[in-house]
Amino acid sequence: MEAIVFIVFLCNMFFSAAYATEIVVNSSVPEYKVSLNKARAIFTMRQRFWPNGKRIKVFTLADNHPHHQMFTKNNLHMFPHQLRRVWDRIVFSGIGQVPMVVSSEEEMLAKVANTPNAIGYLSSEFKNEKVRLFISQ
Amino acid sequence: MKKFDYLFLNKLLVLLFSGVLSAQVLADTWYDDIAVHGFATQDFFHTSDNNVYGESDDGISPGLTEIGLNLSYQPFDRLNLSVQGLYRRAGKVDGGVVRLDYGVADLNLLKFENGQFGIRGGRIKIPFGLYNETRDVAFTNPTIILPQGIYFDRSRSLLVSADGGSLYADYSTEYGDIGFKFNLGMPLGDNEEILSTILGPSASGDFEANPAFATQLNYELNGGEYVFAVSYMNLKLDYKPSANDTLGEGSTKIRPLLFSAQYNGEKFGLTAEYLYRWNHYSDYDAFPDFSFVSESWYVQGSYRFLPSLQGIVRYDTFSSDIDDRSGKRAQASGLPAHMAYAKDWMAGLRWDITSSWMIRAEYHRVHGTAWLAHSDNLDSSATKQDWNLYALQLSYRF
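So the protein lines, in turn, are chains A and B.
Throughout the first sequence, residue numbering follows this note's numbering, covering -4 to 132 in sequence.
Throughout the second sequence, residue numbering follows this note's numbering, covering 55 to 452 in sequence.
Next comes chain B alone, as it looks inside the complex:
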């Protein structure tokens, strides 16, 4: 670990503890209608080849830190206001700044015996699959690294939250609970990592996001023993070329459709999600318009040996183009073929030491480099197809 990291961690700990202390003082002294919660997570990574969250190749990188503090307040029975600040530092992708993660005014418009209907406005988390809305909160995730074929970390800023509005409805029946969300807003995606994910590492212009919609329908049985969901999003990014760009003012449309199913038993848990994503590139001039479909799915099993000790195993696979699963197109453009896919076997162990502290460790055997962040691996030709990843996580919540 470099000196910089030590200094940084020190600063971070001071920040964290002062944040937690002042939040708990607030929680104790403020009125009952205000709730304060938060979390802090530090991850460590080691890889046999390729870098994740900093320089993990043949070393240990403390490159992922996430600290969140949220506050929610009910000024009236039907109105709930909530905000969450998030500090995030992730390798060379995210330099470590505090952002407004969400800031929501939730107005309950209609309530009846078995359901409700309402609107939300502000900066709203995007509903997508089982984990997206709380993807930065370690306690809510099944593993340290979420299945990357669906919950891409490198393009997360398109997926975390959007500025706009949302309609929601809930309905409970004797045969399960139904929930619906429809969000319309401006995604926050504007970083270089998204540009490189979509147009390759050499694109030099900028992306501008358009208003996008995200919708989710879910059905839960027995208070969440069985969970089923369908999520769909429609994103459009406009490319603004740089001065000497070979690319024209093109645009890229991305439309992911995601099916989710989960069983949460007393000891045994089983989760599967399947992603089918349409991609359409038009008006880039340098190449003819084209479309392709990306696909990803995973199956994940977990078992609680004790209420506080859980083991987990998962297989996760991603193909960026289902008509080119071996990566011939990447190869033709001078990039390694293994950038077109990734298959990941993982196993991990989680220990909830108390209800506030959690530690876990996991091992991944990965075949392919489709979800590696470009910022951490600037020379794509130096990346390896088969590699090992070890991760350790310590997390606190209140």
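Next up, chain A with everything else stripped away, as it sits in the complex:
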């Protein structure tokens, strides 16, 4: 299974820009079809639970990290300042939690691999059996 996912990932790498970012999830996350809308709902914290009822744990890089900017534009079709607006409203009005900020892609991979129900994004190829691609369609 992992091998197939990895091949799909390689094809993705080959056919898209050299440093395209991809949304990744912990292997505990149930497989289901996701639209752009769903991906946005998860990263803007509107959707807080997976279909199996578990709370989603979201990880991101800092606002000014080049891969965060790439991810926001390419994978969510948004701008970093739009995400920031949404997250700040949540944090400072006390209505929930926002993504946990990690400092590097290595930390992102480690966090997504070791946190059940986690979601994040990566820009380089990865080898970790606890992490798989979350393909939006």
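If you're looking for bench data, these hints aren't it; they were derived computationally from the structure.
Treat the hints with care, since some could be wrong.
[Said to hold, decoys possible] Below, a list of computed lysine-lysine pairs in the DSBU-like style, where the Cα atoms sit at most 30 Å apart:
| id | chain 1 | residue 1 | chain 2 | residue 2 |
| --- | --- | --- | --- | --- |
| 1 | A | K28 | B | K165 |
| 2 | A | K49 | B | K165 |
| 3 | B | K321 | B | K438 |
| 4 | A | K68 | B | K382 |
| 5 | B | K321 | B | K146 |
| 6 | A | K28 | A | K122 |
| 7 | B | K165 | A | K125 |
| 8 | A | K68 | B | K321 |
| 9 | A | K122 | A | K106 |
| 10 | B | K165 | B | K307 |
| 11 | B | K382 | B | K146 |
| 12 | A | K106 | B | K165 |
| 13 | A | K33 | B | K321 |
| 14 | B | K165 | A | K33 |
[Stated by the list, open to error] Calculated from the model, a selection of chain A residues having no Cβ within reach of chain B, i.e. all distances over 10 Å:
| id | residue |
| --- | --- |
| 15 | D58 |
| 16 | N69 |
| 17 | G89 |
Beta carbons: idealized from backbone N, C-alpha and C, even for Gly.
Add chain B to chain A, keeping to what the hints say.
Positioned in the frame of chain A, the structure of chain B alone reads:
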């Protein structure tokens, strides 16, 4: 700057840094389900006439300081607990105390594929317009001074948070996201500034707030590229006269309706809000019952020259009575006519030095004094109709 201010700022810095350090230690060592965030803002003001946030007229006032620290914890998947403490010092209106800004238990009752429904209880921020829920957090505000015709700073304690409960619902569709909030609670408004805003500077009794409701419906497209909202509140204040009061046990009802629209592009941003507010005064004995409508609107444009450098321009206007826009009623009661209105042109520049530090400066050309705080301008007859305001802000967040 007076000696007192230096001493005060020193104390504040020590408080701030110890707060930030201990919070970051907590964030590092505590469990993943706990999140700690905070902010600290210091503002400086100078005005050509009239005072804002202390003695700004012909001087520089460091009169606005805001420090907040919040903590949120998820003991179960469906339950979120969060609290925020806020230290605020604002001219002579707010002497500088730490308050509980919010303390909320949020229970998610129902979740389905495209939405959710839940309840919140405790001290809850009041949803009103685009900025009210985070009005004390500089990073979330477009300018140092929010458009005062809608986000009155002098009567903020009626608007910040209320003790009670709230129902919320969110629904996502292919054509945008819809959100709804209905809050019922006791507003915290009990200070003298509200009394003077509503009954004039000479009222000597006290106001008591009644349970009030606030509701908001919002619609967002493309993850917040376009934002639309309608907010409505229903407030009632009962007046308790003092011993030799000329006013009787009256009450004042205030019902603001606010429409908001915003475009957030990659570089260009455009925001407009329109407020229509019904006011009703009854049973004050000293004058017959009467009603009037207040109105305010603003249009605000912003442009990002660089991702971290943003310029902003806004025009904001307020009339306390749409049937008396020139202030004849104020004049008849011996107050300056310009207390009845305010028109404010502003321009500003914001630089996000890092994701944690921000500095900005702005200039306001104001015509009218409707939103000046009475505590900072005790002699209304000495206030000037046309004045300039310069503001500088430094803010930190984590």
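(request) Kindly indicate which numbered hints from before are broken by the structure, ordering the numbers from low to high. (result) As far as the earlier hints go, 3, 4, 5, 10, 15, 17 are violated by this structure, in ascending order.
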